[in-house]
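Trainee: Here the protein sequences line up with chains A and B, keeping their order.
Per the numbering used here, the first sequence runs over residues 1 to 234.
Per the numbering used here, the second sequence runs over residues 1 to 272.
Rather than coming from a laboratory, the hints here were simulated on the basis of the structure.
Quick caveat: nothing in here was measured; it's all calculated off a predicted structure.
Virtual Cβ for every residue (Gly too), placed ideally from N, Cα, C.
Take these hints with a grain of salt, some might be off.
If you want the ones that stay clear, here's a sample from chain A, every Cβ over 10 Å from chain B, calculated [said to hold, decoys possible]:
{"no.": "1", "residue": "149"}
{"no.": "2", "residue": "163"}
{"no.": "3", "residue": "192"}
With a Cα cut of at most 30 Å, we get these calculated BS3-like pairs of lysine-lysine [unchecked claim]:
{"no.": "4", "chain 1": "A", "residue 1": "56", "chain 2": "A", "residue 2": "23"}
{"no.": "5", "chain 1": "B", "residue 1": "136", "chain 2": "B", "residue 2": "111"}
{"no.": "6", "chain 1": "B", "residue 1": "210", "chain 2": "A", "residue 2": "123"}
{"no.": "7", "chain 1": "B", "residue 1": "210", "chain 2": "B", "residue 2": "244"}
{"no.": "8", "chain 1": "A", "residue 1": "23", "chain 2": "A", "residue 2": "209"}
{"no.": "9", "chain 1": "B", "residue 1": "210", "chain 2": "A", "residue 2": "23"}
{"no.": "10", "chain 1": "B", "residue 1": "136", "chain 2": "A", "residue 2": "156"}
{"no.": "11", "chain 1": "A", "residue 1": "156", "chain 2": "A", "residue 2": "57"}
{"no.": "12", "chain 1": "B", "residue 1": "210", "chain 2": "B", "residue 2": "13"}
{"no.": "13", "chain 1": "A", "residue 1": "156", "chain 2": "A", "residue 2": "56"}
{"no.": "14", "chain 1": "A", "residue 1": "193", "chain 2": "A", "residue 2": "215"}
{"no.": "15", "chain 1": "A", "residue 1": "156", "chain 2": "B", "residue 2": "210"}
{"no.": "16", "chain 1": "A", "residue 1": "193", "chain 2": "A", "residue 2": "123"}
{"no.": "17", "chain 1": "A", "residue 1": "123", "chain 2": "B", "residue 2": "136"}
{"no.": "18", "chain 1": "B", "residue 1": "188", "chain 2": "B", "residue 2": "13"}
{"no.": "19", "chain 1": "A", "residue 1": "156", "chain 2": "A", "residue 2": "210"}
{"no.": "20", "chain 1": "A", "residue 1": "23", "chain 2": "B", "residue 2": "13"}
Listed here are the chains, written in short residue letters.
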Amino acid sequence: MKLLIIAGPPSGGKTAVIRQVIKNLPEGSLPAFLKIDVVHATEDQELAEEFDIPVKKIYSGDVCPDHMGILVLDDALRWAESISRNILIIESAGLCLRCTPYTTYSLGIAVVSAISGTNSPLKMAPLLALADVAVVTKTDLVSQAEKEVFRESIRKVVPEIDIVETNAIQGTGLRYLMRRIANHPAIGPDQIKLRGAPPLGVCTVCIGKKEIGWKNHFGVIRPLDMPEPLYRGD
Amino acid sequence: MTKQFTLTVQSGKNRFGEQEGFETIEIRPGDTLAIVGPTGSGKSALINDIETLAQGDSITGRRVLINGQEPPESFVREPASKPIAMITQNTRCLADLSVEEFLRMHIRARKPGREDLLEETINLANTFTGEAISLKSRMSGLSGGQTRSLMIADALVIGDTPILLLDEIENAGIFKDRVIQSLHGGTKAVILVTHDPYLALTADRRIVMKNGGVASVIESTGEEQYLIEDLALIEDRLHQIREKLRHGADFSSLSSKVLITPARQSLQLNRV
């Protein structure tokens with residue numbers, strides 16, 4: 001089983017990239033797809049109809065979607081295996097740019113759009129830093145110079161990252177991503193682990209408690225006149 | 001980059017899956033080619049295929065070779081090795097940077113260590129536009145004409161590649177003639193998408209697009225020279241009227257005939 005984890009901000013083109021990936025997978029590939037979203041997603045149905053592949057979707061609701069993703073990943077792999085699939089594609093919700101949902105053995109793909117602003121790679125540094133490939137989408141909407149400056153901005157964050165530029169609707173330039181996927185090894189025998197420690201907000205605010213004031217919350221809290229946050233709870 | 005390149009475009013398929021109207025198009029240093037056709041006929045897709053050095057992986061299935069071979073990956077992926085500069089139709093730059101930061105970052109990508117190109121780029125850009133660009137301006141705050149002027153100067157100075165692609169440079173309110181002057185006389189191959197009859201006819205070859213594919217390639221034989229001369233006069237007249245209009249001229253005392261008189265007569269009117 002191969003594992004692809006695709007992350008990136010909303011409307012960056014993750015699904016468009018996934019469409020091209022599925023369309024161009026090497027012969028013998030049997031993909032399954034898992035979409036993790038917060039409250040609404042239709043990608044799973046669209047991909048199921050278009051490619052006739054098994055799909056699953058999970059809504060994380062009040063919980064951080066990447067936290068949810070980490071919790072269900074093990075089950076998802078077992079599900080894909082139980083239906084004799086050999087490549088599992090996971091699309092993150094793309095909510096929090098600090099998340100690094102990539103694991104050992106996976107091919108981590110960060111999808112960012114060329115029109116998201118030159119400094120956006122700096123703002124989503126963790127998302128890019130632990131990825132294997134940065135796919136830059138919507139390059140048809142910017143000038144060549146701007147595309148190259150955006151690339152330079154990614155290089156500033158992660159000097160060695162593999163950068164693939166594409167107009168994902170048409171699929172231009174994705175041959176380098178497809179080669180990377182084809183050459184990526186299957187999951188090995190060791191326990192799968194996260195590559196980094198994502199700053200996942202599984203605090204009481206993130207799970208839906210709306211009251212203001214630290215007295216109403218548990219976990220990492222901070223009164224105004226305290227110099228450092230502290231942990232409350234057991 | 002002074003290395004010489006021959007570019008070969010191998011045909012693909014149009015929107016209906018039909019083979020294009022050519023086998024290969026060879027583009028050598030110094031060549032100028034115009035790409036013409038109605039909107040939606042595939043003009044931009046063709047120069048995008050060239051810019052990304054497509055290898056049958058775009059919607060058209062075309063392949064683009066350099067010196068008869070599949071180009072090395074660095075030509076496609078590393079701006080510093082890329083032999084192609086392209087100026088797109090975009091007249092907006094979304095980069096949240098000052099002009100200076102933008103150009104410095106692009107120099108770092110294309111010509112590391114050549115900080116001296118900064119001045120040269122902005123000076124050239126300011127010969128193309130009537131509204132001067134300063135290094136402190138925000139990229140996103142430039143006008144359409146300023147953006148286009150800067151991008152052309154950037155491609156010529158910072159890019160300075162043997163192959164230059166231009167997508168409809170005429171539509172940006174810039175001094176087109178000065179741009180064309182800067183392009184001519186070099187060993188660059190220039191490929192331009194255009195709706196401008198003068199630009200189209202003065203090219204060595206015209207690539208005619210239809211339904212997403214190349215319908216035909218017309219070689220310039222010199223027999224169209226009479227038309228080029230006619231157009232030069234019309235262009236000149238249009239330019240004069242345009243500039244007067246821009247400066248607030250009122251033509252109401254003249255007969256409206258002036259604007260629609262054929263070239264030769266209008267030239268005489270011009271001389272009166």
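Trainee: Of all the hints given earlier, name the ones this structure violates by number, lowest first.
Mentor: 1, 2, 6, 7, 8, 11, 13, 14, 15 and 19
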